[in-house]
Amino acid sequence: MNHPLCSRPVSNAFTRRQMFHGLGASLGSLAFTDLLAKDGVAASPLAPKNPMLPAKAKNVIMLFMEGGPGHMDTFDPKPKLNELHKKESKLAAGQETGFKFFVGSPFKFNKVGKNGIEMCDQWKYLADPYVADELCNYRGCQAESLNHPEALYHMNTGSRLGADPALGSWVTYGLGSVNQNLPGYVVMTELAYPQGGARNWSNGFLPANFQGTRLRPEGSPILDLNAQPFKTRAHQRRFLDEMAFLNEQHAAQHAEHKELAARMESYELAYRMQMEVPELADIQGENEATREMYGLNDKDTATFGRQCLLARKMIEKGVRFVQIFSGGWDSHDYLERAHTERIRSVDRGMAALIRDLKQRGMLEDTLVIWTGEFGRTPDNNKRGGVYSLGRGHNNQAMTMLMAGGGVKPGIVGSTDDLGLKAVETVHPIRDLHVTLLQLLGLDDNKLTYYHAGRYKQLSQFGGQVIKELIA
Amino acid sequence: MATSFRIRSILAGFSLAFTAVLHGAPADEAAAARSFTLKVLPLLKEKCFACHGDDKEKIKGDLNMLSREGLLKGGENSDKVLVPGKAEASSMFVAVTWQDADLEMPPKENDRLTKEQIELLRDWIAAGALWPGEAEQAKLREAERAVVSNADGVILKSSGGLADAWTYRRYKAEDIWAFQPVKKPAVPEAQAGNAIDHFISAKLAKTKTEPAARADAPTLIRRASFDLIGLPPTPEEVATFVTAWKVEPAKAWESLIDRLLASPHYGERWAQHWLDVTRYADTGGMANDYERSNMWRYRDYVIRSLNNDKPYNEFVLEQLAGDQLADASALKRLGGDAKKLAQTRLKGEYTPEEAEDIVATGFLRMGPWDNAMVKDEEARQIYRDDLVNAIGQTFLATTMRCFKCHDHKFDPLPTRDYYRVYAAISGIQMAERPLSYLPEERRDGFAEGKTFVQRMLAFATGEKKKITQKREDAAREWFKGHNLPYKTNEDRKNLPDEEKPARNVGLDFVDEGQLKVREQDEWIWERALERYEPMVQSVYDGGDAKFKNARKLRMPEVTKASLKTETYILTGGSIEAPGEKVQPGVLSAIGLRVEGAQGDPFVLPEDLTGRRLGLAKWIADARNPLTTRSIVNRLWQHHFGKPIAGTPNNFGVKGGKPTHPELLDWLAADFVEHGWTMKRMHKLIMMSQAYQMAAGHPQMDRLKNDDPNNERLAYFPNRRLTAEEMRDAMLSITGELNPMLGGLPAMPEVNMEVALQPRMIQFSLAPAYQASPTPAERNRRSIYAYRVRGQADPFLEVFNQPNPNDSCDMRDFASVSPQAFTMMNSDLITDRAIAFALRVQKETKAPEAQIGRAFQLALGRSPSVTESKRLTAYLGEMQQYHRGVKPEPVTYPTRITRSLVEEFSGKIFEYEEILPAFEKYTADKKPADVGAETRALADVCLLLLNSPEFAYLY
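Protein chains in written order, with the numbering used here: chain A, 0 to 470; chain B, 50 to 1003.
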């Protein structure tokens, strides 16, 4: 039987024997896996696979600044805007209408490290040369949509419609995941979802195993993660064995129903996660130096810091793709206050993450990306008759940081002197996606999935590799 | 291969040019002039002129392409931009092929010309690059536009776009299927009554595919029961049906359908589909998420209408203009006395029939909306935009949002029509209106609910007073110390600073923080008392009023229905850029005239009543192809798990094309011919052979490749139970379900961690969620559960209950691990398994019999010998296990401490909240309340609830 899952990326040496050994499989699950094997399915859809091309990176940590940080207020200084501050703007970009005026950045900028990376003075920890020297600042990317959910979908899934597989799903589909006891693709958000909700980490038309699993920021990382206290692990194993038996009986009668395999696997994964996740999410054991480094002792930096620390631990444990969403960057007004606070909330955790990965020798394998869904406009309109010092949405210029994973440190591309448009090394989002895949050793032309009668390309239309970004 | 092709086409080009020059054949020349005017010039305009001519100041590369002369002159890079007759020698041609890395035009990958466009340009140059004058161009365009249909497609007449190029653009006929009138296709005489199988078989026959065999009786009753009432059949119902089926299958099947359609649970099940689309919730969403008290009256209206098989056209009319229908009826009843009508409106004293119509307009209040931090005009625009889009998606399968800022990119929908519809609803003002309850509206639980709310309110008020007391004591001291007479907080507000104490004198940051919380809570609970008042979330017609606040939207004493609001095309969708003024109207592209329209056939009357009622009537018109196709498509969808036209909220060019277009039209026509009754349509669909097919197929391997989405319907598509079916089915199986219909929102028990977790509202934390104290109140059907936009029930959410802020036309069913956690570990599932076990124990004693009964209840069948043996052994093993463990009793908190950041100081403070619902709480039976035998049997029950056979329908 031709199962779509075995259509492309080649499964490597994760044999069935290892699988059983690793999972402590009993008779029930053995029977079930056997059923899958007969079906021609690789033992686990998340089993690690060899990259298609020589790879520079193995894992990805994506720090998503939801709302769209101002490039001219973070890493791409525009002194001209300060000269034009509050002078009328006739620019047509963005969604704002009526009288518009230029807005100078409230922040001062410095060059940091040996590669000339520029940062506003609010970045205190990231500016340390040990960290800054690893950074690549890419200024040439252009988004398409001016709307948050569509732009978020575009950056996360390659499509503005929000029903397609997310980047994290592509990568776990293409490479599998080393740790079979954790999801391959983990998402962390604040208590509230980002705009566009769970579709930002959806598996789309890929099997549900490739969906991002969201860890809650407070309380249980996953609701009902733990078994009822009066049920032991052995009791649960017996339960799953019986379930596998029922599933097997049922699947035999419904050969047409492929979802049954994914469903059973979701139970098995749940069982394994029950062991791994609490241990992973527990940061009580971290020493004071680590706590301090990630900013866990300060309530303003603790949420993102903890998520960064968890991201490092997950990558260490073999999770393939980790994504952290940090909201509140949509500064239409009170830019100075809001961006100061947002930068403060992520600066420490993010710097600690890069530092920690570097110290542990993990940075070369791990691609860290910091981005929003688009950039911001050089100008703004009045709100309620007063000059509101903020910025609109800009789909023609933005800024992003990358580190590790085979990326070349330094500045790549540029925007015009107002920060209105990208003008050098200009590329659409799909080129960025293709470049990320390239770094991970995935050929976007071959990263396809058989769906609706054809091999669908996960990167949608393909694109061109941004060579300037690669070391 | 590619090279030889190119050479050939170059040669062809040469010969063409040669011919043209030699003979100057007028026919060819005319064709070339036509091709240039209609195709090449628009292409140049779209792709080149922006940089090469439109802006005289900034002409790139010194190349002006606006005229043939300009092209012949060339630019700074080349003087051979255009060499008439020689495409390959013309740099403008080379540039668009992107063959030369230094010369790629247009420069953006996104804008690159398609193969066809490149050929067009090549042909034009090769034929001599003819460029007729303006007058001739105009003539050619006019001639072209006179032809509605040609090889390039169809022109669809509409009220007109912002530019002629849009107005006269052509569509592929198959893309605009939805905008064409419904034509009932002819079917063979024998199948005229039910033509479904005729169309399904015809499509299957084309690929020589046999339809799947008929499903067996137990499968069919389970399928039909969930489809129609959202509940599993009882073992007794299964047995009765199977027996009847053996005697006479057709008759058994038909009477089963009749029985289910007559069940009041039918309305509950199908209302859920409607509420998914219309975005039902009991709160208003956004930052404050204010309660919309009495919103349930709309939910019950939908259920009632379905149960009464209200014709769909009436259903549409009432939801869009029920308030107007009610007033018209009342006015007639009152002998035309407008003053008396005004009184009736203010007091809400309508007849039950009129009241029903007003309740129906809850539809107009469904979207999330709050005007906090938004200017009035903008807040109003947000509401109207939302409503226009909701009306489009719900009734017309049209995503209106797409032509708010410009003419529709793909569909024949000009932005003018958007604002015409916008104008049609611009008289609507939101309001909580007084309206007596209908006799059929259930008012159980009013007294208990009110007592509970009063208790919460008293606590908030009491706590607040403690703090204000402290403040006033300090204020008294202050006045005394300053030798001034004491003034209350209210009285001293406007005094100069030096004549009064500081604002929060005597209070520390904890007091200040708490005061804010208590004030907010006091307001919330005061407002919650309105749950028990005869009010309805509805609308009235009136001019633009100033919004007070989304907190309270009341109807003014005097409303001037004669008021008109003016509407303009808002350029780019911005209220600050009004363009051309528009009149209220409808979507022109479907060519359906407004009844009684004078002049422009797509314009509605100006008066506020006339315009909205007119729009409603136009939508509910039997000839409106969007309306009729949309509803039958939805009905089909919820029987087969998939629609005929793939995107039920969007029939546009980019939506999913119908898999069986003729069937869709046949159904739409038949639906209207038979009085728009939905129950009849359900029966028609379910009586078809297609609906009764098995979910498997002997040639499944082939079909999975040929037709992976089962578009031909060779077999019945299986589906997972929806979130609500899952919960309701469990309650039904365990015997816990309280089947009561309608009324106040139910408060089921939800995951306690989520119930008590902090939920931010604008200035405070929302009060914790408290479940109802008795199982009967909690264990109602899921459609009655209190729906808070900002806080989903995690069980329903994990099984893909949609977010109520977006219209959901199709549920998602992916299997993910969080579902497994819920189904194995949650308190909810543990409680259900215990209840299930207790029921089975009560009904049978021997282990084998217990397992048999559990199978019957959960899956509607007996276990196989293997299953029985294996699970009996498992039961024994589990009894052993449970004798060795002692579960802890479960307690529910009656108070909780919460913490929040105080705004001015940035410091964290704590406060206590009471949870009186848990003081006299009758919990469901917990593991500690039952013995080892029950817990062991509960493990077996849990297994069945987790089995795929329970989760999926075939």
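Among the hints, a few may not be true.
Residues from chain B shown here face chain A by an in silico Cβ test under 10 Å; the list is partial [what the hints assert, rightly or not]:
hint, residue
1, A626
2, K630
3, Y923
4, E998
The hints are simulated quantities; they were obtained by calculation from the structure and are not laboratory data.
From a predicted model like this one, the values you see are computed outputs, not experimental measurements.
Beta carbons: idealized from backbone N, C-alpha and C, even for Gly.
Results for each hint:
| no. | hint | in the structure |
| --- | --- | --- |
| 1 | A626 | holds (5 Å) |
| 2 | K630 | violated (19 Å) |
| 3 | Y923 | holds (5 Å) |
| 4 | E998 | holds (5 Å) |
Violation of the numbered hints given earlier is confined to hint 2; every other hint is satisfied by the structure.
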